[in-house]
Amino acid sequence: MKIAVCAKYVPDASTSVRIDPQTKRLDRSGEGALNPFDVNAVEEALRLKETGGEAAAEVVIVSVGPERALEAMRKALAMGADRVVLISDDGAVGSDLVATSRILAAALSREEPDLVLFGQQASDSDGAILWAAVAERLERPLISQVAELTHEEGKVRGKRQTEYGYDVIEAPLPAVVAVSDAINEPRYPSLKGIMGAKKKPQETVSLSELGLEAGEVGEAGSRTEVYALGEPPARGDTQKIEDDGSAAEKILAFLQERKAL
Amino acid sequence: MKALVFLEDHEGKLQKDSLGVLSKAAKLGGEVEGVLLGSEIEGLAAGAGRYGAGRVHVMDDVLLARPLPQPRVDAIETLVRERGFDTVLFAASVLSADLAAGLAARLDAGLNWDLTDIVVEDGKLVGKRPALGDSVYVDVGWSSEPRLALIRSGTFEPEAGADAGDAEVERFESRLRDFSLEATMVEQAHEESEGPSIEDADVIVAGGRGLGSPENFALIEELAKALGGAVAATRAVVDAGWYPYAAQVGQTGKTVSPKLYIACGISGAIQHKVGMQSSALIVAINKDPNAPIFEYADLGVVGDLHEIVPKLTELVRQRRAA
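Which chain is which? The protein sequence lines are A and B, in order.
Position 151 (the first sequence) corresponds to 218 in the working numbering; numbering is contiguous.
Position 62 (the second sequence) corresponds to 58 in the working numbering; numbering is contiguous.
Same shape as in the complex, but just chain B:
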């Protein structure tokens, strides 16, 4: 196997998930190299050596300054064709998902996505992919090379090798196509650090669309206060403007693992699940008995959160006062 791992960077750091995928690729054996694309990012490249990259290919170009997928398709296509990589791995993110799918079409290559493991069985690369709300696990593979894979976020932890040194850094150039540069980023997201951090909380009470209206977040806040915990929200309600982004849990939000996570009016779609599944204890309240969250909640309650949450808040308060 000659694998290339896409190394995603943000504000001067290599993303943890992409280093995790790099560590995993190194354990599968064969040659493992990284690719880093951006502007003034070359200094980050050598550090990937500690996580198993023998070499990191860098394209440092002002046209790659913004995290947009299409010019990155051009750059990785050039690298794959010139260097003959047979496998290209991505840690899933908003950027890398679009990049991987664009690259698949460009190279006419197979792309398996949402993988939670990748193994070599009988000399063949096999991806493990949960399907149908994680109720079935599917073994997937590729019928041609290069093989492209998107790994579900948070799947692999970065593992620094004890005696691993810096990666060899090699610059490369690529033509960028006109259409790849047509989309432009006019404002770029920054992580907002206002408000209490949910990442450190032992107890989290989270609200989703089932709350019905932004005012009902008061119910969530009251329960969180009674339990001495923090408030979290799903992407749907954050996007709808009901609650600030800093409180968002899930794929495009924070990843949390509190001792107790109480999900109220949250269906538990996969985007949310990846952000909270490692919580020690999960309680879910939802009126839809078929909500996917009941599949992985330690205690699932089918019922109206508008009735149950205020009662629970009151009971917790009484107990605390006793």
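So that you can see chain A by itself, here it is in the shape it has in the complex:
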């Protein structure tokens, strides 16, 4: 079985993130990392590969981002993924949902995986819908929000949570599945894995190599715009204290003061 994991290069969580007032886009000049929610998808792909017992099984990471995203994607290789395909092209900058899904679908069509996995959301944009646009473009069945995934005889079955409890959806392969971050506890890369990651195949692909024209993606191929940035509505007073051993007393005093007891 060939599994493709779509992974995003996001600003590192420990850095402070801002939106550039000029471009009105997320400022991506700082340190970057593999989107933490995508790590669950990588882990699930590796588990499927390991339990499947097929010698030819393969896990390939597919990402769209700047050249330096390759370094962040090496974390997935260190965990055990086999190779990375990074679509890196100035023409892709500024792509919104419809444009990004077009790029990913083109790259995935070239790979022809049996299963495409997504993580629960992007940690930078909170986006949690791209998979549905990609499934549509690939004309494949979709299961999202999956908290338990099983694979047998050419089909996958996902248990997922909705507003009403849990339901179970089944789909024949090839399929697109988005996993929840509760699906597994991702492994840490081993030292051997980290050492070996650099030597694994890492391919950078341009838009033209995927047969995409400049006008189809990037800003020209996008259908949404950002007009302005503003301050959020005032939240009222919030206070934050560090526990110095007396936090419980302080909470009690606060509750009494606000007449919440």
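Just so you know, the hints here were simulated from the structure itself, not pulled from any lab data.
Just so it is clear, the structure is predicted and the values come from calculations on it, not from any experiment.
Using N, Cα and C, we set each Cβ at its ideal position, and we do this for glycine too.
Treat the hints with care, as some may be off.
Label pairs and their calculated CB-CB ranges [unchecked claim]:
(1) B:Val115 <-> A:Gln306: 45 to 55 Å
(2) A:Glu121 <-> B:Met181: 40 to 50 Å
(3) B:Ala160 <-> A:Asp87: 42 to 52 Å
(4) A:Arg325 <-> B:Gly50: 43 to 53 Å
(5) B:Asp196 <-> A:Asp79: 56 to 66 Å
(6) B:His302 <-> A:Tyr294: 41 to 51 Å
(7) A:Val160 <-> B:Lys12: 24 to 34 Å
Sample of chain A residues at the chain B side, in silico, Cβ under 7 Å [claimed, not checked]:
(8) Ala200
(9) Glu206
(10) Tyr231
(11) Glu237
(12) Leu240
(13) Arg290
(14) Leu296
(15) Ile308
(16) Glu309
(17) Asp310
(18) Phe321
With the hints as your guide, set chain B onto chain A.
Using the frame of chain A, we list chain B on its own:
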């Protein structure tokens, strides 16, 4: 504007959030119609008229019986193309998010998501979208039609018009594509009504991943008991099997607004926030000083909940006994 609002149904009722979006769309002006998709649901359609739909398009087909997004993309595509809607609005849900994104790709249309308001400014439709943990508000728009939008859950209340009558109900048919029918739902979720309801509680103590293990929910239960409140949980710990789904607060759980909400070991991601942000008083205990919950907690405590919660329980008990 000629707007179409997706009306989501569950167990014989139209969802409150989609009626809220319908009410909002009606206030923006122009023609507003609804679309209802399912099996044996036609009877629900006319009632949307009270919330501002002049007409409701219904596709009643056994192939739409289960709440799956892909055949609904086919149906709404047909409607948008045949009737020339320039705007399609969705109240965000597990179903509608996938439906809206699939439709965006099908129609090559712009989709703005997680909107907390939608307005007309200088004749142009503008969406308001919080970003970066709600620390920035972004005005977003569309460069072509149709314009697609997902509205954050709980944003708009349904408002029934005093003199509004039934909507005109019009049936339509659509071809459903083969691949749209490949995913099948083999078990469908039902709301479980066991256990105490958290929706009516005045005090809620909620636990998240920061508890470290399911056994530590005992700390939460003790504090809730001392305060005479109910216990709630985040999606992460419910999905991990630490606590029952009936206690879940957030986007895919319950929406609560108690007088006091104490969040323990909860980072406060947006999925959780939408379920509890209207609580009168929010106290958060988390060891990560950068946790988003501190941005909207009235009192945020950076510290170890395993130390603080038992002490607080004891203090509350002493005070109650006094």
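Comparing the hints with the structure gives:
| no. | hint | in the structure |
| --- | --- | --- |
| 1 | B:Val115 <-> A:Gln306: 45 to 55 Å | violated, 33 Å |
| 2 | A:Glu121 <-> B:Met181: 40 to 50 Å | violated, 28 Å |
| 3 | B:Ala160 <-> A:Asp87: 42 to 52 Å | holds, 45 Å |
| 4 | A:Arg325 <-> B:Gly50: 43 to 53 Å | holds, 47 Å |
| 5 | B:Asp196 <-> A:Asp79: 56 to 66 Å | violated, 42 Å |
| 6 | B:His302 <-> A:Tyr294: 41 to 51 Å | holds, 46 Å |
| 7 | A:Val160 <-> B:Lys12: 24 to 34 Å | violated, 40 Å |
| 8 | Ala200 | holds, 4 Å |
| 9 | Glu206 | holds, 4 Å |
| 10 | Tyr231 | holds, 4 Å |
| 11 | Glu237 | holds, 5 Å |
| 12 | Leu240 | violated, 10 Å |
| 13 | Arg290 | holds, 3 Å |
| 14 | Leu296 | holds, 6 Å |
| 15 | Ile308 | holds, 6 Å |
| 16 | Glu309 | holds, 5 Å |
| 17 | Asp310 | holds, 3 Å |
| 18 | Phe321 | holds, 5 Å |
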